[in-house]
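**Q** First to last, the protein sequences are chains P and X.
Following UniProt numbering, the numbering of the first sequence begins with 1 at its first residue and continues without gaps.
Following UniProt numbering, the numbering of the second sequence begins with 1 at its first residue and continues without gaps.
It should be emphasised that the hints constitute simulated quantities derived from the structure, not laboratory data.
A hint or two may mislead.
Derived pair list, reagent style EDC-like, types lysine to aspartate or glutamate, alpha-carbon separation capped at 16 Å [what the hints assert, rightly or not]:
hint, chain 1, residue 1, chain 2, residue 2
1, P, K200, X, E56
2, X, K149, X, D105
3, P, K202, X, E355
4, P, K201, X, E56
5, X, K67, P, D13
6, P, K198, X, D237
7, P, K198, X, E56
8, P, K198, X, D221
9, P, K104, P, E150
10, P, K198, X, D105
11, P, K53, P, E150
12, P, K104, P, D82
13, X, K156, X, E107
To spell it out: a stretch of chain X is covered by chain P in this simulated footprint if at least three of its residues, at any positions, have a beta carbon under 8 Å from a beta carbon of chain P; those stretches are [to be verified]:
hint, stretch
14, 47-60
15, 256-267
16, 305-314
We treat Cβ as the ideally placed atom computed from N, Cα and C, and that holds for glycine.
What follows is each chain in one-letter form.
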Amino acid sequence: MSRVLVGVKRVIDYAVKIRVKPDHSGVVTDGVKHSMNPFCEIAVEEAVKLKEKKFIKEVVAVSCGPTQVTETIRTALAMGCDRGIHVEVSGKDYEAMGPLQISKIFAALAKKEEASLVILGKQAIDDDCNQTGQMTAALLDWPQGTFASEVTIDGEKVKVVREIDGGLETIKISMPAVLTADLRLNTPRYATLPNIMKAKKKKIATMKPADLGVDMVSRVEVLRVDEPPTRLAGVKVETVDDLVAKLKANGTI
Amino acid sequence: MASPLIRCFSKVGRQVSRPWSVCQHGLRNRSTQPDVSAEQAAALGVSYPPLQTYSEEEGMMRDAVNKFAHERLAPFVSKMDENSHMDAEVIKSLFEQGLMGIEIDPEYGGTGSTFFSSILVIEELAKVDASVAVLCDIQNTLINTLFTKLGTAAQKERYLSRLSTDMVGSFCLSEAESGSDAFSLKTRADKHGDYYVINGSKMWISNAEQAGVFLVMANVDPSAGHRGITCFIVDRDTEGLQIGKKENKLGLRASSTCPLNLDNIKVPEKNILGQIGHGYKYAIGMLNEGRIGIAAQMLGLAQGCFDQAVPYTRQRVQFGKRIFDFQAMQHQIAHVATQIEAARLLTYNAARLKEAGRPFIKEACMAKYFTSEVATLTTSKCIEWMGGVGFTKDYPVEKYYRDCKIGTIYEGTTNIQLSTMAKFIDKEYDH
Numbered sequence: 001m002s003r004v005l006v007g008v009k010r011v012i013d014y015a016v017k018i019r020v021k022p023d024h025s026g027v028v029t030d031g032v033k034h035s036m037n038p039f040c041e042i043a044v045e046e047a048v049k050l051k052e053k054k055f056i057k058e059v060v061a062v063s064c065g066p067t068q069v070t071e072t073i074r075t076a077l078a079m080g081c082d083r084g085i086h087v088e089v090s091g092k093d094y095e096a097m098g099p100l101q102i103s104k105i106f107a108a109l110a111k112k113e114e115a116s117l118v119i120l121g122k123q124a125i126d127d128d129c130n131q132t133g134q135m136t137a138a139l140l141d142w143p144q145g146t147f148a149s150e151v152t153i154d155g156e157k158v159k160v161v162r163e164i165d166g167g168l169e170t171i172k173i174s175m176p177a178v179l180t181a182d183l184r185l186n187t188p189r190y191a192t193l194p195n196i197m198k199a200k201k202k203k204i205a206t207m208k209p210a211d212l213g214v215d216m217v218s219r220v221e222v223l224r225v226d227e228p229p230t231r232l233a234g235v236k237v238e239t240v241d242d243l244v245a246k247l248k249a250n251g252t253i
Numbered sequence: 001m002a003s004p005l006i007r008c009f010s011k012v013g014r015q016v017s018r019p020w021s022v023c024q025h026g027l028r029n030r031s032t033q034p035d036v037s038a039e040q041a042a043a044l045g046v047s048y049p050p051l052q053t054y055s056e057e058e059g060m061m062r063d064a065v066n067k068f069a070h071e072r073l074a075p076f077v078s079k080m081d082e083n084s085h086m087d088a089e090v091i092k093s094l095f096e097q098g099l100m101g102i103e104i105d106p107e108y109g110g111t112g113s114t115f116f117s118s119i120l121v122i123e124e125l126a127k128v129d130a131s132v133a134v135l136c137d138i139q140n141t142l143i144n145t146l147f148t149k150l151g152t153a154a155q156k157e158r159y160l161s162r163l164s165t166d167m168v169g170s171f172c173l174s175e176a177e178s179g180s181d182a183f184s185l186k187t188r189a190d191k192h193g194d195y196y197v198i199n200g201s202k203m204w205i206s207n208a209e210q211a212g213v214f215l216v217m218a219n220v221d222p223s224a225g226h227r228g229i230t231c232f233i234v235d236r237d238t239e240g241l242q243i244g245k246k247e248n249k250l251g252l253r254a255s256s257t258c259p260l261n262l263d264n265i266k267v268p269e270k271n272i273l274g275q276i277g278h279g280y281k282y283a284i285g286m287l288n289e290g291r292i293g294i295a296a297q298m299l300g301l302a303q304g305c306f307d308q309a310v311p312y313t314r315q316r317v318q319f320g321k322r323i324f325d326f327q328a329m330q331h332q333i334a335h336v337a338t339q340i341e342a343a344r345l346l347t348y349n350a351a352r353l354k355e356a357g358r359p360f361i362k363e364a365c366m367a368k369y370f371t372s373e374v375a376t377l378t379t380s381k382c383i384e385w386m387g388g389v390g391f392t393k394d395y396p397v398e399k400y401y402r403d404c405k406i407g408t409i410y411e412g413t414t415n416i417q418l419s420t421m422a423k424f425i426d427k428e429y430d431h
């Protein structure tokens, strides 16, 4: 029961107004505020909590991307992670990077670091993929507890309460396992100033995907990015009969 | 002044001269502006960075406090103002976040960071509530600094760890008859063997309701005039120390401001902070630094108010267009934004000068004087821009307007700042 890997992703801050690039190849990221994906914050918080309860000895924060992602790793360190790993990916590889490549990297790292748990956010707020956790588990052939709203360690097993459409599902899975954090799992702590200072001394190791034997070639090509259609004004009607008449008139019923 | 800004880390004592580069400047509104850290910018190799360049640590602290202030403090603000009472929960969370011991050594439970970090923290807090900012400012720039600079090992041991974790401090200089004329204070300390008996009363003491320790300036030898003023450490539970009823104030209402009565209180000799008769020097020295802290508070206040008002002008439509789009409004808004930017640069520069160990007193006075004036202008204009709703308590701008007024008064009135600046200017033309 020693080590947990936590994945943290650097995404455009949730408060920023997103703009599509004029050439429709993606969204504008230059000069735009970025921060840690909120679900990753929840994942970090859960890992640090497990460490505080003495279920695990070490929390390692991992992020993939260019130099800027080290800021995100530092934030994770300031929240209580022990050390960080920065997997360097930049340029075209970074733009094309998706859940498949990330999960390959995480699977390789999980084996290398002999992790008992890999905790990720359920999805990232920029692509909303909700795939990395599941793919990582599959590549490792490990059990998965996704959409976790409650995690309890019970000896060599983990009890996970999952948020599903119908309500809550409780499962018990053996470790090592992959967990993905949902919104209600916990409330992430604020990085206190002393912890920010301590984080400066914590180590962040750097490596490349090739060092882990992972090829970054993408099987997905983004053809075009568009803004959602502008919402048109609605029409107010006075009575139910009017409503039915209008719906019939425009062919809805 | 063409010499590069050299940053002295006061804790570690090493001199770091980093080439910095162009960073994003402009209004730091709603923290949606990205950051360029000093380290990142160094890669581009330009030697004289803009003032709004922060080390990675400073940037992280600023963002952490910004988030904390907007999420954890904001819900308490209007209730605390209404009831003229600082919620204990708020003070506890300030300690928990490490905001009360920013420059204190980690050995004593502090954060171990720099003066500039404190300035950024105070600015961020003031954007949300100036009362909370002043509590944090007094603790960090006055109380902690006095103990750190002047305390004996025993005093530091006893007080610094408490000040960084759970105890608030108060600085007691002013009296009913001595405000700007601080050194004419009448509180006396008479020596009796190995202890002193202090008699007198103090007024306008901030944090008094919450403080566990009071730094009291008393005169041990009135015949020596100000050279008798000595700084005494007085614990709250000292017999004879009476904390009076707090003032019912126009602004900064959540910050407790009380009169203090010292009725034959016995203070042991070992509770003297620094040297006997040097209290006046310490007071002046600390207030010079405290000035920059107040400048940061007024700066944050102005920015916070501005950040509330401008979005309103972008939404409010009259005569078929946003009121922001009227030229008169645009000119007023741009004018105020310029004043805030200038205030920010004065404040940051004064802080960096102090950290660099260079003369900073004139600049600190300029920063405090200018930012308090800018805060007054900004808050007044913001209420106007918001029209009728700006005048109601339903919207936060009226609180900023009330809070800003003390800026031109406390920790050295505007007139005192101007006179001090004039003295320096006079000397500059001496040869």
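**Q** Against this structure, judge whether each hint is valid.
**A** For each hint, the structure was consulted:
1. P/K200 - X/E56: Status holds; Cα separation ~9 Å.
2. X/K149 - X/D105: Given pair X/K149, X/D105 holds - Cα atoms ~12 Å apart, limit 16 Å.
3. P/K202 - X/E355: violated (26 Å)
4. P/K201 - X/E56: With a Cα-Cα distance of about 13 Å, the restraint between P/K201 and X/E56 holds, given a limit of 16 Å.
5. X/K67 - P/D13: Cα-Cα ~13 Å, so holds.
6. P/K198 - X/D237: Distance of about 35 Å is beyond 16 Å: violated.
7. P/K198 - X/E56: holds (13 Å)
8. P/K198 - X/D221: This hinted pair is violated, its Cα atoms lying about 47 Å apart.
9. P/K104 - P/E150: violated (26 Å)
10. P/K198 - X/D105: holds (12 Å)
11. P/K53 - P/E150: Distance of about 15 Å is within 16 Å: holds.
12. P/K104 - P/D82: violated (23 Å)
13. X/K156 - X/E107: Roughly 11 Å between the alpha carbons, so the hint for X/K156 and X/E107 holds.
14. 47-60: Since three or more residues must qualify, the claim that chain P covers the stretch 47-60 of chain X holds, with 3 doing so at under 8 Å.
15. 256-267: n = 0 at 8 Å, threshold three: violated.
16. 305-314: Answer violated; 0 residues pass the 8 Å Cβ test.
Going down the numbered hints, you'll see the structure goes against 3, 6, 8, 9, 12, 15, 16, while the others check out.
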